[in-house]
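Chains as they are written, first to last, in the UniProt record's numbering: chain U, 1 to 55; chain D, 1 to 244; chain E, 1 to 220.
I should point out that these hints are in silico values taken from the structure, not numbers from a laboratory. Take the hints with a grain of salt, since some may be wrong.
Now the stretches of chain D that chain U is said to cover, found in silico as 3 or more residues with beta-carbon under 8 Å [claimed, not checked]:
id	segment
1	91–100
2	111–117
3	215–229
Cβ-Cβ distance ranges computed for the label pairs, FRET-style [what the hints assert, rightly or not]:
id	chain 1	residue 1	chain 2	residue 2	range
4	U	Leu19	D	Ala14	28 to 34 Å
5	D	Val74	E	Gly196	26 to 32 Å
6	E	Asp74	U	Glu44	40 to 46 Å
7	U	Tyr31	E	Gln40	51 to 57 Å
8	D	Ala234	U	Lys34	16 to 22 Å
9	U	Tyr31	D	Glu5	27 to 33 Å
10	U	Arg46	D	Asp149	22 to 28 Å
11	E	Leu85	U	Tyr31	46 to 52 Å
12	U	Gly27	E	Phe207	38 to 44 Å
13	D	Trp117	U	Leu19	20 to 26 Å
14	E	Glu73	D	Phe202	56 to 62 Å
15	D	Gly17	E	Ser188	55 to 61 Å
Calculated from the model, a selection of chain D residues having no Cβ within reach of chain E, i.e. all distances over 10 Å [claimed, not checked]:
id	residue
16	Ala24
17	Val33
18	Met71
19	Glu240
Built from N, CA and C at the ideal position, the CB exists for glycine as well.
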Amino acid sequence: MIDLGKYAADVVLAYCISLGLILGLIGLSIYRAKRMKADLAAAEARIEARQNNGT
Amino acid sequence: MSLWEYANPRKFMALSGKLLPWTAVGAALLCCVGLIWGFFFTPDDFRMGSTVKIIYIHVPSAMMAINVWVMMLVTSLIWLIRRHHVSALAAKAAAPIGMVMTLVALATGAIWGNPMWGTYWAWDPRLTSFLILFLFYLGYMALWEAVEDKDTAADLTSVMCLVGSVFALLSRYATRFWNQGLHQGTSVPVATGERTVDDVFFIPLAISMVGFAVLFVALVLLRTRTEVRARRLAVLNARERMSA
Amino acid sequence: MKALLLRDLRLAIRAGGGFGLGLAFFLILATLIPFGVGPQPDVLASIAPGVLWVGALLSCLLSLERIFALDFEDGALDLMASSPLPLEGIVAVKSLAHWLTTGLPLVVAAPLLGLMLNLPSQSYGWLLMSLLIGTPALSVIGAFGAAITVGLKRGGLLISLLVLPLYVPTLIFGADVVRRAGQGLDASVPAFMLAGLTLGAVAIMPFASAAALRAGLKGS
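Let's have the full structure, built from the sequences with the hints guiding it.
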């Protein structure tokens, strides 16, 4: 492990907060993308099924 | 073949679907290389000690905080002039990213400021204009949430973005007039081509700056795709309700 | 246009909304500040310019929503939008009416509150002038906020989030005029900046507000 000197806490804290925020944003984006994709697929399947029944 | 073809949602989805994995991998690679290099393999600054390592997050995020707003300004203009839905949705998708980048820049700046200037927060022009930029992001996002009709929301937020840009610039110069700052000048002046940082620090910094930019592209593609899908879902649901 | 101005003025005074309320708020704010920071005259004197300007800003904010909301609810705004008058002109007139009923009374009341806050005597002229040239900007920028949030359900909360950041440059220059005057420095530079800001806002904001109104009316 490298020696960060007397400012170690500050540097590590800065990296942790930043990475936390950015990873949180990435995670949230991916989660929403996945969910939206599933929702849309479900809706499209539903509509397709209804159309097939109708004809 | 023109750029405007990708304003068609279907074409946009096809292209962005192809681009997304590449940009995501590229962003991950560049950010990892830049940040790990910066964190583990750079010397300490003789004056600032190890706090100089914060620069590898602070400068890229600050750069992106401003550039994301510029991107929103451009896409808002495209929406207002050419009425391409994807453009408005891209602006909507970008705003939270810009807000997080502003927050990261503010947080790292505060943590860096404490050992260097002896205070977490100073009413320095740069810090203050970033805080104002953060407020603009908040207002912009709140406006998107508040308007129910989607096209109206796109119109209103676009106008807000234009006016906000003018006033963000004004605030920037007003705060500079108002208080002389502690913050040093820019480390990477693009216009003059000179730089005030040594190569040892600059190369990993440049890598993580590019990394953050690519990360933004990847995120904006992903989020815009989500928004396009959400719009399509809303249309499908509305149609279903109409026919039922 | 003159008829519209007179109508708006009459409505504002009769409904008792913007006219008295903003002033009363301004007074209450100036009364509360000494309770918050303590009664030392020198402390009050040093913060008085900022308090007066922030007070003017907030009391201006109170009545913004009424610029368009009432006319929107009873449909008058739709009529105005389809009248031969350009929407930009209507927005400008309504901003002027707002300034006459909110900004101008604030300007008149400010020296009195300055007295309560122990404002240095050489600042009064500059205080009056900075408010006189600065508050029109508050009204036109505020009208833009009101135009954007017209017809929204939670418009009242949103308007402050949208408008207050836009007030930052005006506040900085306005308060700086009074502060510099209090310290015996030359206050003309920020005063000119403030005047430029107001003129720019008056010239541009009605167009932005009209664009926002058109979008809002179309969507509702």
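Here's how the hints hold up against the structure:
Counting residues of the segment 91–100 of chain D whose beta carbon lies closer than 8 Å to any beta carbon of chain U gives 3, which meets the minimum of three for the stated coverage. Counting residues of the segment 111–117 of chain D whose beta carbon lies closer than 8 Å to any beta carbon of chain U gives 4, which reaches the threshold of three, so the coverage claim holds. For a cut-off of 8 Å, the count of residues in the segment 215–229 of chain D with a CB near a CB of chain U stands at 7, and the three-residue condition holds. Between Leu19 of chain U and Ala14 of chain D the CB atoms are about 33 Å apart, so this pair conforms to the stated range of 28 to 34 Å.
The beta-carbon spacing between Val74 of chain D and Gly196 of chain E, approximately 27 Å, falls within the hinted interval of 26 to 32 Å. Judged by the Cβ atoms, the range 40 to 46 Å given for Asp74 of chain E and Glu44 of chain U holds: they are separated by roughly 44 Å. Distance hint for Tyr31 of chain U and Gln40 of chain E: a CB-CB separation of about 54 Å, consistent with the stated range 51 to 57 Å. Take Ala234 of chain D and Lys34 of chain U: their Cβ atoms lie about 18 Å apart, and the range 16 to 22 Å holds.
Judged by the Cβ atoms, the range 27 to 33 Å given for Tyr31 of chain U and Glu5 of chain D holds: they are separated by roughly 31 Å. Hint check: Arg46 of chain U to Asp149 of chain D, Cβ distance near 25 Å, so the stated range 22 to 28 Å holds. With their beta carbons about 50 Å apart, Leu85 of chain E and Tyr31 of chain U fall inside the hinted range of 46 to 52 Å. Distance hint for Gly27 of chain U and Phe207 of chain E: a CB-CB separation of about 42 Å, consistent with the stated range 38 to 44 Å.
Restraint check, Trp117 of chain D to Leu19 of chain U: a C-beta distance of roughly 24 Å satisfies the suggested window 20 to 26 Å. About 59 Å separates the C-beta atoms of Glu73 of chain E and Phe202 of chain D, a value consistent with the hinted range of 56 to 62 Å. Between Gly17 of chain D and Ser188 of chain E, the C-beta spacing of about 60 Å keeps the proposed range 55 to 61 Å intact. For Ala24 of chain D, the shortest C-beta to C-beta distance to chain E comes to about 33 Å, beyond the 10 Å cut-off, and the non-interface label holds.
The Cβ of Val33 of chain D lies farther than 10 Å from every Cβ of chain E, with a closest approach of about 37 Å, so its non-interface assignment holds. Taking the minimum C-beta to C-beta distance to chain E, about 20 Å, the non-interface status of Met71 of chain D holds against the 10 Å cut. Interface exclusion of Glu240 of chain D from chain E stands, the closest Cβ pair being 23 Å apart, more than 10 Å.
In summary, this structure violates none of the numbered hints.
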